[in-house]
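Chemist: Order-wise, the sequence lines are chains A and B.
Going by our numbering, the first sequence opens with residue 1, and the numbers climb by one from there.
Going by our numbering, the second sequence opens with residue 1, and the numbers climb by one from there.
Possibly wrong hints are sitting among the right ones.
[Claimed, not checked] The calculated SDA-like cross-link candidates involving lysine to any residue, where the alpha carbons are at most 25 Å apart (straight line), are: (1) B:K98 with A:S101; (2) B:K40 with B:S10; (3) A:K18 with A:S61; (4) B:K98 with A:H73; (5) B:K41 with A:S101; (6) B:K37 with B:A108; (7) B:K3 with A:S49; (8) B:K3 with A:Q100; (9) B:K98 with A:T65; (10) A:K31 with B:N22; (11) A:K17 with A:I69; (12) A:K18 with A:P39; (13) A:K31 with B:N29; (14) B:K3 with B:D17; (15) A:K31 with A:E72; (16) B:K40 with A:I69; (17) B:K98 with B:V86; (18) B:K67 with B:G94; (19) B:K40 with A:T114.
Source of the hints: derived by calculation from the structure; they are not laboratory data.
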Amino acid sequence: EADIYQTPRYLVIGTGKKITLECSQTMGHDKMYWYQQDPGMELHLIHYSYGVNSTEKGDLSSESTVSRIRTEHFPLTLESARPSHTSQYLCASSEQGTGQSPLHFGNGTRLTVT
Amino acid sequence: EDKVVQSPLSLVVHEGDTVTLNCSYEVTNFRSLLWYKQEKKAPTFLFMLTSSGIEKKSGRLSSILDKKELFSILNITATQTGDSAVYLCAVYAGNNRKLIWGLGTSLAVNP
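Using the sequences provided together with the hints, build the complete structure.
Modeler: What follows is the structure, encoded as structure tokens:
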């Protein structure tokens with residue numbers, strides 16, 4: 001069973017605030033990912049990491065930033081939230097393995113920026 | 001451009017019906033195909049398929065891959081209301097093992 005945790009579960013915040021979405025996994029996975037998903041829409045990869053001190057931007061341009069100082073922790077930060085950032089943010093992890101391991105997802109953070 | 005196309009986009013059935021969901025793909029250097037179930041929160045992993053013609057089965061769900069015709073199907077027999085969800089298909093492709101997602105099929109099972 002996958003053990004990957006995201007906090008907070010829901011967040012409502014005003015425009016201009018700085019926020020950090022937390023993601024932690026206890027499986028020792030090297031690979032971690034952040035996806036953005038609007039209701040009824042597809043998953044968009046915004047950031048990924050293949051290990052400590054490794055971060056890359058995904059396919060969808062995002063104003064957020066990430067860090068990977070520890071294997072188990074992959075937080076996402078928005079320096080100045082805007083209404084356009086309203087969305088669901090999903091964190092995932094996978095084994096290094098053959099490079100095609102299944103992703104295990106956290107329960108997501110639903111962000112609303114007013 | 002790599003793409004994964006799922007059909008139908010949505011489906012409404014009655015409990016007990018059998019459903020077949022489709023996932024077709026056009027990618028460079030196919031590696032594997034994955035199925036996920038997404039209810040209100042996170043996608044949960046169902047199956048990973050790498051070889052043609054070998055059925056993966058878990059309870060009432062089963063899936064098979066056809067690498068010649070470039071598609072996979074997900075079958076759900078004797079559907080229950082708890083099967084209501086969005087079913088997502090994703091394909092690993094390319095030398096960098098990029099994961100390409102479909103839009104999903106929204107399944108509603110009515111009692």
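Chemist: Confirm or reject each hint.
Modeler: To see whether the hints hold, each was checked on the structure:
A threshold of 25 Å between alpha carbons decides the hint, and for K98 (chain B) with S101 (chain A) the separation of about 11 Å falls inside it, so the pair holds. Of the supplied pair hints, the one linking K40 (chain B) and S10 (chain B) holds, its CA atoms being roughly 16 Å apart against a limit of 25 Å. Annotation: proposed proximity of K18 (chain A) to S61 (chain A) holds, straight-line Cα distance about 19 Å (limit 25 Å). At most 25 Å may separate the alpha-carbon atoms for a hinted pair to count; K98 (chain B) and H73 (chain A) meet this at roughly 22 Å.
Annotation: proposed proximity of K41 (chain B) to S101 (chain A) holds, straight-line Cα distance about 21 Å (limit 25 Å). Note on K37 (chain B) and A108 (chain B): the hinted pairing holds, with a Cα-Cα distance of about 13 Å set against a maximum of 25 Å. Taking the CA atoms of K3 (chain B) and S49 (chain A), the gap is near 23 Å; set against the 25 Å cutoff, the hint holds. A distance of roughly 17 Å separates the Cα atoms of K3 (chain B) and Q100 (chain A); the hinted pair therefore holds under the 25 Å criterion.
Proximity of K98 (chain B) to T65 (chain A) is assessed by CA-CA distance (about 21 Å); at most 25 Å being required, the pair is judged to hold. This hinted pair does not check out: K31 (chain A) and N22 (chain B) have alpha carbons roughly 29 Å apart, beyond 25 Å. The straight-line distance between the Cα atoms of K17 (chain A) and I69 (chain A) is roughly 24 Å, inside the 25 Å bound, and the hint therefore holds. This hinted pair checks out: K18 (chain A) and P39 (chain A) have alpha carbons roughly 24 Å apart, not beyond 25 Å.
A threshold of 25 Å between alpha carbons decides the hint, and for K31 (chain A) with N29 (chain B) the separation of about 21 Å falls inside it, so the pair holds. Proposed proximity of K3 (chain B) and D17 (chain B) is contradicted: the alpha carbons are some 30 Å apart, above 25 Å. At roughly 10 Å between alpha-carbon atoms, K31 (chain A) and E72 (chain A) fall within 25 Å of each other, so this suggested pair holds. The hinted pair formed by K40 (chain B) and I69 (chain A) fails the criterion: a straight-line CA distance of about 31 Å is larger than 25 Å.
For the hint pairing K98 (chain B) with V86 (chain B), the CA-to-CA distance comes to about 22 Å; that is within 25 Å, so the pair holds. A threshold of 25 Å between alpha carbons decides the hint, and for K67 (chain B) with G94 (chain B) the separation of about 15 Å falls inside it, so the pair holds. Of the pairs offered as hints, the one joining K40 (chain B) and T114 (chain A) holds, with about 22 Å between alpha carbons and a cut-off of 25 Å not exceeded.
Checked against the numbered hints given earlier, this structure breaks hints 10, 14 and 16; the rest are met.
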